[in-house]
Amino acid sequence: MHGWIVLDKPQGITCVKSANIFKRILGVKKIGHIGTLDPQASGVLLLAIGEATKLIPHIDKKTKIYQFDVTFGAETSTLDQEGEITQTTSSIPSQDEILKVIPQLTGWVDQVPPRYSAIHIDGKRAYDIARSGQEFDMPTRLVYIGSLNCVKQKSETCFQFEVTCGPGTYVRSLARDIARRLRSLGYVSHLRRIKDGKFNVQDAVSLEIAKEIGYNCVKSVEYVLDDIPALHVDEQQAELIQRGMAVSTHDSVKINGFEMMHRDNNIALFFNQKLISIARLEDDLIFPVRNFNLER
Numbered sequence: 001m002h003g004w005i006v007l008d009k010p011q012g013i014t015c016v017k018s019a020n021i022f023k024r025i026l027g028v029k030k031i032g033h034i035g036t037l038d039p040q041a042s043g044v045l046l047l048a049i050g051e052a053t054k055l056i057p058h059i060d061k062k063t064k065i066y067q068f069d070v071t072f073g074a075e076t077s078t079l080d081q082e083g084e085i086t087q088t089t090s091s092i093p094s095q096d097e098i099l100k101v102i103p104q105l106t107g108w109v110d111q112v113p114p115r116y117s118a119i120h121i122d123g124k125r126a127y128d129i130a131r132s133g134q135e136f137d138m139p140t141r142l143v144y145i146g147s148l149n150c151v152k153q154k155s156e157t158c159f160q161f162e163v164t165c166g167p168g169t170y171v172r173s174l175a176r177d178i179a180r181r182l183r184s185l186g187y188v189s190h191l192r193r194i195k196d197g198k199f200n201v202q203d204a205v206s207l208e209i210a211k212e213i214g215y216n217c218v219k220s221v222e223y224v225l226d227d228i229p230a231l232h233v234d235e236q237q238a239e240l241i242q243r244g245m246a247v248s249t250h251d252s253v254k255i256n257g258f259e260m261m262h263r264d265n266n267i268a269l270f271f272n273q274k275l276i277s278i279a280r281l282e283d284d285l286i287f288p289v290r291n292f293n294l295e296r
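Numbering of the sequence shown is given in the numbering used here, commencing with residue 1 and proceeding in unit increments.
Heads up, a few of these hints could be off.
Listed next, the in silico DSS-like pairs over lysine-lysine satisfying Cα-Cα at most 27 Å (straight line) [claimed, not checked]:
no., residue 1, residue 2
1, Lys30, Lys195
2, Lys211, Lys23
3, Lys62, Lys30
Listed next, with one range per pair, are the computed distances between beta-carbon atoms [stated by the list, open to error]:
no., residue 1, residue 2, range
4, Gly12, Asn216, 21 to 27 Å
5, Ile85, Asp137, 19 to 25 Å
6, Asn216, Asp283, 40 to 46 Å
7, Lys61, Ser220, 19 to 25 Å
8, Thr86, Arg141, 18 to 24 Å
9, Ser91, Lys61, 34 to 40 Å
10, Asp110, Asp227, 48 to 54 Å
11, Ala246, Arg131, 47 to 53 Å
12, Thr86, Asn20, 38 to 44 Å
13, Asp128, Met1, 31 to 37 Å
14, Asp283, Thr86, 54 to 60 Å
15, Gln134, Gln81, 21 to 27 Å
16, Trp108, Ser155, 44 to 50 Å
17, Trp108, Glu135, 45 to 51 Å
Read the hints as simulated data drawn from the structure, not as lab findings.
Even for Gly, the Cβ is constructed at its ideal location relative to N, Cα and C.
All chains, full assembly: derive it from the sequences and hints.
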């Protein structure tokens, strides 16, 4: 079996555990996932099955949308509700104060990721170093915040936000920065990813429903490729491609935006309506980069 599952991941489980659950449900050995969600976060998680895992490096990292709650008045070691409280303050901002500050946190901004994160520091995961009690500095990285809105006040100390952001953004760090900009402290007390690229949470399947419908929740391998230029090749070209050889574009049928593609783009190659390769274009030659065997 090969394809994709758009999962609405529940709170309380890791992405790896989510993948392992589907291995048992579907009876498959190979499942990967695009991006990560913290265990206590819920929402859109894209799972790749079988040959679809080969596409993971070739899928563009897209804009994501999150809804999250910030509880003001304290900061935790993990910057979410799972960590130990490390600092407290009696300074709680008003919604008006928040609305004045959040425009300062949009666009390209420098962000320091959480110490409890999967980022590598000198070959080790940051969360492993943090758990060991060692002192270390997290490197600053440039991230893009497309929009940031304060949706509503949920309690005296808790506000709901929605952010549209680029890849690599940590919402936990954003919550910390919002609070500190307001001369307060804060942590994420609820986090939900409602969109990842073109994949909306409304289109995602819950774990409970997936267990009931099994194979019927699996989408085709090509499901994620509608924004990638594509070519249909003939049988002779397909045989050459499967052997790792280059072929000419002249006799291929151009589909799906090929004429407007940039020369450094990936191309999806199809034979008999089936994906056979992700390739690159150099002049008028197509060089296979990653071949697929969807017959198995």
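Going through the hints against the structure:
{"no.": "1", "hint": "Lys30 - Lys195", "in the structure": "holds, 25 Å"}
{"no.": "2", "hint": "Lys211 - Lys23", "in the structure": "holds, 11 Å"}
{"no.": "3", "hint": "Lys62 - Lys30", "in the structure": "holds, 24 Å"}
{"no.": "4", "hint": "Gly12 - Asn216: 21 to 27 Å", "in the structure": "holds, 25 Å"}
{"no.": "5", "hint": "Ile85 - Asp137: 19 to 25 Å", "in the structure": "holds, 22 Å"}
{"no.": "6", "hint": "Asn216 - Asp283: 40 to 46 Å", "in the structure": "holds, 44 Å"}
{"no.": "7", "hint": "Lys61 - Ser220: 19 to 25 Å", "in the structure": "holds, 22 Å"}
{"no.": "8", "hint": "Thr86 - Arg141: 18 to 24 Å", "in the structure": "holds, 22 Å"}
{"no.": "9", "hint": "Ser91 - Lys61: 34 to 40 Å", "in the structure": "holds, 36 Å"}
{"no.": "10", "hint": "Asp110 - Asp227: 48 to 54 Å", "in the structure": "violated, 30 Å"}
{"no.": "11", "hint": "Ala246 - Arg131: 47 to 53 Å", "in the structure": "holds, 49 Å"}
{"no.": "12", "hint": "Thr86 - Asn20: 38 to 44 Å", "in the structure": "violated, 33 Å"}
{"no.": "13", "hint": "Asp128 - Met1: 31 to 37 Å", "in the structure": "holds, 34 Å"}
{"no.": "14", "hint": "Asp283 - Thr86: 54 to 60 Å", "in the structure": "holds, 58 Å"}
{"no.": "15", "hint": "Gln134 - Gln81: 21 to 27 Å", "in the structure": "holds, 24 Å"}
{"no.": "16", "hint": "Trp108 - Ser155: 44 to 50 Å", "in the structure": "violated, 32 Å"}
{"no.": "17", "hint": "Trp108 - Glu135: 45 to 51 Å", "in the structure": "violated, 29 Å"}
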